[in-house]
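J.: Sequence:
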Amino acid sequence: MQGRGMGVHYLPLILLLVHAQCGSVDGKREIPVGAIFHQVPDHSYESEIAFRYAIERVNMHEKHFELVPIVRYVSPEDSFKTERKVCELAAEGVTAVFGPSSILTSGIVGSICKTLEIPHIITHWDPEPLGGIEPDLQAMTINLYPEADVLSRALADLIVDYSWKSFTIIYDTDEGLMRLKDILQIHGPSDAPITVRQIDDDPDYRPLLKDIQSSGESHIILEIRPDRILELLRQAKEVKMLEEYQSYIITSLDAHTIDFEELRYSRSNITALRLMDTKSFDIKNAVHDWEQGEARMKRQFRVSPEHVHTESALYNDAVKIYATAIRELDATEEITPSRLSCGSKNLRQWPFGLRIINYMKVKTEHGITGPIIFDDFGRRAHFHLDIIELSKDDGFKKIATWDPTHGVNYTRSQGEVYSQIVESLQNKTFIVASRIGAPFLMFKEKKDGEFLEGNNRFEGYSLELIDGISKILGFQYRMELVPDGKYGSYNKVTKKWDGLVKYLLDRKADLAVCDLTITYERRTAVDFTMPFMTLGISILYAKPVQQPKDLFSFLSPLSLDVWIYMATAYLGVSVLLFVLSRMAPADWENPHPCKQDNDEVENIWDMFNALWLTMGSIMGQGCDILPKAISTRLVAGMWWFFALIMLSSYTANLAAFLTMERMDATIESAEDLAKQSKIKYGVVMGGSTMAFFQTSNFSTYQRMWASMESARPSVFTKSNDEGRDRVIKGKRMYAFLMESTSLEYITERYCDLTQIGGLLDSKGYGIAMPVNSPYRTAISGAVLKMQEEGKLYQLKTRWWKEMRGGGQCTEVPNSSQENELGIGNVGGVFVVLALGCLCAFIIGILEFMWNVRKVAVDEKVTPWDALKAELKFALNISVTSKPVHNTLSESTASGKSSLRSKSESRRGSELAGRGNQVRPAASLTNIDKIGFVFDKN
258 MQGRGMGVHY LPLILLLVHA QCGSVDGKRE IPVGAIFHQV PDHSYESEIA FRYAIERVNM
318 HEKHFELVPI VRYVSPEDSF KTERKVCELA AEGVTAVFGP SSILTSGIVG SICKTLEIPH
378 IITHWDPEPL GGIEPDLQAM TINLYPEADV LSRALADLIV DYSWKSFTII YDTDEGLMRL
438 KDILQIHGPS DAPITVRQID DDPDYRPLLK DIQSSGESHI ILEIRPDRIL ELLRQAKEVK
498 MLEEYQSYII TSLDAHTIDF EELRYSRSNI TALRLMDTKS FDIKNAVHDW EQGEARMKRQ
558 FRVSPEHVHT ESALYNDAVK IYATAIRELD ATEEITPSRL SCGSKNLRQW PFGLRIINYM
618 KVKTEHGITG PIIFDDFGRR AHFHLDIIEL SKDDGFKKIA TWDPTHGVNY TRSQGEVYSQ
678 IVESLQNKTF IVASRIGAPF LMFKEKKDGE FLEGNNRFEG YSLELIDGIS KILGFQYRME
738 LVPDGKYGSY NKVTKKWDGL VKYLLDRKAD LAVCDLTITY ERRTAVDFTM PFMTLGISIL
798 YAKPVQQPKD LFSFLSPLSL DVWIYMATAY LGVSVLLFVL SRMAPADWEN PHPCKQDNDE
858 VENIWDMFNA LWLTMGSIMG QGCDILPKAI STRLVAGMWW FFALIMLSSY TANLAAFLTM
918 ERMDATIESA EDLAKQSKIK YGVVMGGSTM AFFQTSNFST YQRMWASMES ARPSVFTKSN
978 DEGRDRVIKG KRMYAFLMES TSLEYITERY CDLTQIGGLL DSKGYGIAMP VNSPYRTAIS
1038 GAVLKMQEEG KLYQLKTRWW KEMRGGGQCT EVPNSSQENE LGIGNVGGVF VVLALGCLCA
1098 FIIGILEFMW NVRKVAVDEK VTPWDALKAE LKFALNISVT SKPVHNTLSE STASGKSSLR
1158 SKSESRRGSE LAGRGNQVRP AASLTNIDKI GFVFDKN
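In the working numbering, the protein residues as written are 258 to 1194.
The set of hints was computed from the structure by calculation and includes no laboratory data.
It is possible that part of the hints are untrue.
[Stated by the list, open to error] In silico SDA-like cross-links for lysine to any residue, where the CA-CA straight-line distance does not exceed 20 Å:
1. K1048 x S727
2. K988 x D1009
3. K371 x Y616
[Claimed, not checked] Cβ pair distances, simulated, as ranges:
4. I861 x L828: 19 to 25 Å
5. L586 x S676: 50 to 56 Å
6. K701 x Y667: 41 to 47 Å
7. R596 x E563: 40 to 46 Å
8. L586 x M317: 16 to 22 Å
Since the structure is predicted, the reported quantities are computational estimates derived from the model, not experimental observations.
Here a beta-carbon is modelled for each residue, glycine too, at the ideal position from N, C-alpha and C.
Model the full assembly from the supplied sequences, consistent with the hints where possible.
T.: Listed below in structure tokens is the structure:
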């Protein structure tokens, strides 16, 4: 843009000569219009050109009148000269005054125009609506620049749509801060703080930018003059404040005119507002007129439609809407200019001025700057804005529109946005922060002589998760460990974060992935993807110690003293029963009841039978012989009563004992922990589990937090592994509250630990990233895709149940098996049974051998022959009877008689010896003898 020079002052005369030569004034009335421009080296020259050639285009199409521009130049600070120039224009009979662009001088012009009722048309920002000044319906000023209050609301809507929770405002003038009124008002007292920084005339902005960088702020609003924007962003690039997580909003409506070529490839998001559509046919025509007109005047002027200043476009639209008003009113009444004087005592006003202003207020036009609609006070309250974003390919690119009715409306679909983000991820290298913690990230076990570096140093769920996402989206990554090894908690005293969250806030990493819980507090500092794993808080506790099995546990229901007393009572009652049965006449019975005249009776109650009766009673089995005397029956009855009580007591106590043996004094829920003080419990210091109890409003959890906080020694740990070790060493005197996923991993490998109760809450693990990261949607989509394909489940199964010792504790006994008695519980009964049977077998052998001896003596055979004969007969299971007398096949009758004689003699002596027990009623010869038939060799 060149060639302003002195030729500009002669431009009106030249234009008149051109029109005269072309015959443009044939029969046309001249209607002079005035304009005041500033003599400053800015874009005022472009605005003047826009003003003049807009008039020329109007004159080309008008048949009845011709607008004649009269231009004056003043300094932006010279109020006196401005007043004089306005009066000069009034004296020349101008029908309207355009400009100037200075707020100070524009007010003077507006005041004079109101007095003379000359339409005053301006194209700059006016602070009056924001300053609480009462609008004047009789004012003669029309402003095509967007109304200040509505423009402030547009900026506020953009901030809300971008979800900026905190930001820094950089401004250079007080008027600039006024333009952000709505932005400051939408921020509540409980929201994150807003930083407001003013810059002076010092061209070095680096100290300010470094302060903003150290504060961790990534959202910046630039409310500064357009000529300072590029230099500030250039210096921001030098101090690494133009990285991908920094976002800038430029409030100037002329941001699109700045050449951002050197910043196009910066990774920051730079957003601005634009009042015009630079690709419209109207603006291209206007630019063509400007260039061609200047070329005719032998002056060089070049400007692209994309770089037209807002003020120039507004001058073009201002002339257009003013000419429309003149045309419409002139059709009903001829508009005639009047020369007016500012200092005349008899002040005259132009009679058409108020009518023209009122018509312009109600008239709706569409110009280069979009729809032009005024309110009753001549302010442009309805307009459209383009929201533009600096792109690498096309400079500023339109991404959305805004209007007072619909707010922000994006012009590109979500699919297009997603595609652009995914495309930007190609070949990008992310720094992924994490922390060591099984099974999410662990150091890989080295083989002999193996050297590991980079990502190969690690293995685990987190590494494979981020690797799967990288394959879907096509980016590279580098794993780094956070120095302090913490997840990230906020210190209210220092007002700083630590751990992974701090690492992200310091822009040392792009992503953070581990068992990092999504919490409200962390969401205020960083963004999260959708959860890749859901979980809750649960209790890690030691299983009951399995007591060694006791084979003779059936003896436990009764003490040793009781067993001794019972054995003594058993023997004592048996002896008493034996003695009383010998004394009581009723227990002496006729052995042959059918022979009533039998003169002998016998007593069946020997010591063995007495012991058998008491044994059967105490065992609950009874006996086939019973006493008949009153005394012996009384003894038996008392013994049965005793046996009933002892047997019932033993049975009940045995059941209770076996039940208690399987039961253990333990906890089953968080409520059980809160109600007792014997078992201590704790959490990881600074983790989300600690924050859950610390901020909970539930009374049980509040009591638990108070108990943990006051416990000495401290129950807090630095890691889950330390908590696990404390549970193991605590021997059921310490419980650890942790997230269920980590708990599940531990119980898969430590079979003496278990999970107690259900989940205390529900939450999820997510991948963290800086706030408003452009990659959040893409990474969340990749996580969702892995979930739908079942890869997340496969990863969890692999690292929880298979790798690093997983699957050791997979057997889960069912409830019925837990209630069953094993051989270890009742093995003693089998031992007693086996010993009893063994004793019986030994006694049986002894009885058999004794019988063999008797047979050998009685039958006068060798013991070996008697043994073979008796054993052969015993093993012949088909024989169920045998003769009373054993005879030899070769014996003589005398031999048999002699044998019977000896047997009878021996039997008689035995009966004589047992005279106190049995009184023989007849000969009992050979009735006790059992023999075999022997073959004599």
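J.: For every hint, state whether the structure bears it out.
T.: Against the structure, the hints come out as follows:
no.: 1; hint: K1048 x S727; in the structure: holds (14 Å)
no.: 2; hint: K988 x D1009; in the structure: holds (10 Å)
no.: 3; hint: K371 x Y616; in the structure: holds (16 Å)
no.: 4; hint: I861 x L828: 19 to 25 Å; in the structure: holds (20 Å)
no.: 5; hint: L586 x S676: 50 to 56 Å; in the structure: holds (53 Å)
no.: 6; hint: K701 x Y667: 41 to 47 Å; in the structure: holds (46 Å)
no.: 7; hint: R596 x E563: 40 to 46 Å; in the structure: holds (43 Å)
no.: 8; hint: L586 x M317: 16 to 22 Å; in the structure: holds (20 Å)
Comparing the model with each earlier hint shows no violations; every hint is respected.
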